[in-house]
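Colleague: Going down the list, the sequences are from chains A and B.
The letter at position 276 of the first sequence is residue 276 when you use the working numbering, and the numbering goes up by one with no holes.
The letter at position 374 of the second sequence is residue 1374 when you use the working numbering, and the numbering goes up by one with no holes.
What the hints contain is simulated information worked out from the structure, not anything from laboratory work.
Some clues are possibly wrong.
[What the hints assert, rightly or not] Restricting the straight-line Cα-Cα distance to at most 25 Å, the calculated cross-link-like pairs of lysine-lysine (DSS-like) are:
(1) 1006/B x 32/A
(2) 1146/B x 1095/B
(3) 1095/B x 1115/B
(4) 1182/B x 1146/B
(5) 1131/B x 1115/B
(6) 35/A x 1006/B
(7) 1370/B x 35/A
(8) 1095/B x 1118/B
(9) 1115/B x 1146/B
[Unchecked claim] Computed footprint of chain A on chain B, listed as stretches where at least three residues anywhere in the stretch have a Cβ under 8 Å from a Cβ of chain A:
(10) 1052-1058
(11) 1232-1239
Cβ atoms here follow ideal geometry from the backbone N, Cα and C, with glycine treated the same way.
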Amino acid sequence: MAFLDNSGDIILDAVLTDTGRRRLARGDGTFKVAKFALGDDEINYRLFNAAHLSGSAYYDLEILQTPVLESFTDPESQMHHRLMSLSRNDILYLPIVELFENSDLGSVRDSTTNAFLVAVDSDTETAVGTTAGVIWGENVSSVSSTTIVTDQGTDTNNSPSRTHALSADLVETQYQIEVDNRFGSIYNRSGRRGRVSFVNEAQMASYYFSVGSNPRYVSNITSTEETDSSIDGPRGTRLQFRIGASLELNGSNTLFTRLGGTSTVGSTNVRHIDTIVRVTGVTTGYSIDIPVRFIKKI
Amino acid sequence: MATTFKSLGSDDVTTTRTLLHESIPVTGSIVSGTYGGVATALGSEPHIKTYSHGMFQSVYDYPYLSSSANHLFDITLGYTSNSALSGAANTQNSKKLNVYNQMAQVLMGYDETGKVRKFDEDGDVVSGGTKIKECYFLNFSRLITKDEIKKGSFELELSVSGGFAQAGANLGVRELFTDRIKITDFSGSDGYFVNSPAGEYGVLFATGSAGVNVTAAAKYYPVGLLFYQAGVAVLSGSIFNDAADSGILNNAAGSGTCKMRTGTVGVTGFNTTTGSTVSQMADALRNRIYNLQFNNTTELNSTIYFCRANNTEFNYSANPTYLSTSNGPSEIVVKDGDAGTDPASYITSVGLYSPDNELLAVAKVSEPLKKDPSNELTLRVRLDY
Chain A
1 MAFLDNSGDI ILDAVLTDTG RRRLARGDGT FKVAKFALGD DEINYRLFNA AHLSGSAYYD
61 LEILQTPVLE SFTDPESQMH HRLMSLSRND ILYLPIVELF ENSDLGSVRD STTNAFLVAV
121 DSDTETAVGT TAGVIWGENV SSVSSTTIVT DQGTDTNNSP SRTHALSADL VETQYQIEVD
181 NRFGSIYNRS GRRGRVSFVN EAQMASYYFS VGSNPRYVSN ITSTEETDSS IDGPRGTRLQ
241 FRIGASLELN GSNTLFTRLG GTSTVGSTNV RHIDTIVRVT GVTTGYSIDI PVRFIKKI
Chain B
1001 MATTFKSLGS DDVTTTRTLL HESIPVTGSI VSGTYGGVAT ALGSEPHIKT YSHGMFQSVY
1061 DYPYLSSSAN HLFDITLGYT SNSALSGAAN TQNSKKLNVY NQMAQVLMGY DETGKVRKFD
1121 EDGDVVSGGT KIKECYFLNF SRLITKDEIK KGSFELELSV SGGFAQAGAN LGVRELFTDR
1181 IKITDFSGSD GYFVNSPAGE YGVLFATGSA GVNVTAAAKY YPVGLLFYQA GVAVLSGSIF
1241 NDAADSGILN NAAGSGTCKM RTGTVGVTGF NTTTGSTVSQ MADALRNRIY NLQFNNTTEL
1301 NSTIYFCRAN NTEFNYSANP TYLSTSNGPS EIVVKDGDAG TDPASYITSV GLYSPDNELL
1361 AVAKVSEPLK KDPSNELTLR VRLDY
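So that you can see chain A by itself, here it is in the shape it has in the complex:
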């Protein structure tokens, strides 16, 4: 008589994140676990070896041997990549989120740093504002300002082709943008500030924008022209936004001194702080980290 296989029921000890502890300490009922997600941050799926000579049981041998790191308390450093539920098993292509850099849209990065530059005050805007890749952080609605644009869809080298509609269950309908709240905020092209959903322990502010509810941020990609999107295949939605500088960066050099350095943009000497803005598809879980440099003329 063999033992029963009990591998389907596994006990895991969870670690509260800083956010969880803060909410628990607050005692106002905001500590409420309502849902869960599964993550696979440590996994490198490219270790999957479908050509293994010993057969399919060995295809994922290296993946299964991946050592798993302990959990820790920083909510920003974990669960970057979530597992996804789809009712169909016959999907070969999954949608991704890509930067769409296009000079007509004014969404090209700075070619030197490969980052978007945010000019935090009008002096800096005047000095370097017409350089490609510079977002106007004080006068956000300026027509000269660069806009960050991301496109979503299945990038398949046009096979299936761009003329195919992306399956409805793969279209991203809501995006989360995370930005360091000490440095800046999210704005639309018209210069209107987005509504912050919450700011966590690490000062990361989260914004949520949805199709229909926030048409200035999220829209469907209708064009099938190759040059109209970075997605070379069935297309989903487009997110576009700008970044406004915080008053702290606009009026003070303190954070630049503590967290940044100095560099030049063209011939202008600037202070700078490098950071990341993360865009995540709430439905599909796919995320992209966008490099952003806040600059201030010296």
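Chain A is fixed; fit chain B onto it per the hints.
Modeller: What follows is chain B alone, placed relative to chain A:
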């Protein structure tokens, strides 16, 4: 519709309580003898903290001025006003009365007339019986008792040899421990009292553990009380007195009743307290501790979240490496170009989220768990409080 979150229903959450026990061994050499060296007199060791008020003495496991030191317990003593040892001319008489009354009012409470109850030898407060009128108190730190002392696990072994080794050039020489008694709460695991305002308590019993005819009779003597949640041991002074002095020791054993201090004090055993300070009596007890051990208990309250991944759920991943770069950056690697192949993903972590998608807790698995449409998993994620 693709989704990465799954809501937890009321059937997916439950609470449990777990008791965690730790073994706390305190060898006698830590209590006296390890620190200070042979030239250091009792009470001057660097891990012993005394206070100007002289009401108690604190014992650390390391010189207490170091940040590495942990507080183990405090030692004090007292007696009632109707004890034969009480007398206005005695050393620190009022402090010993105050200590007894303070401990009694907290641990034993008050009777129906508002008087402080005395410590009862057998715990049967209603029937009266013998009271503990003179006693040592060992107040254990919460650091080592945690939520409570585990019932039935307490052991304290004391020397009751007659002589006093520390004198002259032998300042740091510890007690010889030839005659010893062992004090346990062996009845505590199945019999304890709940009539104290400070929680549950059991009776401590003493019997001889080394030497010949150490106690007056070969039996278990009730010699004190152990308050489990409060973490206080009350030790009757009778443990150091012989039967002729209302104690438990054999009149003929060794060289007579325990000598508690150096020099000529005139009396021996616990009676030494009449001419001794609390600190001196605490030193005397420490010098006679051979071994002290118990298990503590920590109560863990846990919430368990059953995270159920059904066969059609969580089979895809948003991990960037999940997609290949060979035929456009969107093709799933594990399908190897065949849409008919089942998808698969590998779980390494479980995130618990608030309704507004804030990550509140994270659990990790020890090795990646494969998830595909042919299996279902239930991950029990436990959050301890």
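Colleague: Compare the structure with each hint and give your call.
Modeller: Hint check results:
A distance of roughly 14 Å separates the Cα atoms of residue 1006/B and residue 32/A; the hinted pair therefore holds under the 25 Å criterion. Restraint check for residue 1146/B and residue 1095/B: the C-alpha separation of about 29 Å exceeds 25 Å, so the hint is violated. A hinted pair counts as satisfied when its Cα atoms are at most 25 Å apart, and residue 1095/B with residue 1115/B qualifies at roughly 19 Å. For a cut-off of 25 Å, the pair hint linking residue 1182/B to residue 1146/B stands: about 24 Å separates their Cα positions.
The straight-line distance between the Cα atoms of residue 1131/B and residue 1115/B is roughly 15 Å, inside the 25 Å bound, and the hint therefore holds. A hinted pair counts as satisfied when its Cα atoms are at most 25 Å apart, and residue 35/A with residue 1006/B qualifies at roughly 5 Å. Under the criterion of a C-alpha separation no larger than 25 Å, the hint pairing residue 1370/B with residue 35/A is consistent with the structure, at around 21 Å. A hinted pair counts as satisfied when its Cα atoms are at most 25 Å apart, and residue 1095/B with residue 1118/B qualifies at roughly 17 Å.
Only pairs whose Cα atoms come within 25 Å are accepted, and residue 1115/B paired with residue 1146/B is rejected, the gap being roughly 31 Å. Closer than 8 Å: that is the beta-carbon criterion, and the stretch 1052-1058 of chain B has 0 residues meeting it against chain A, so the requirement of 3 is violated. Beta-carbon proximity to chain A at under 8 Å applies to 0 residues in the stretch 1232-1239 of chain B; the threshold of 3 is not reached and the given coverage is violated.
In summary, the numbered hints that this structure violates are 2, 9, 10, 11.
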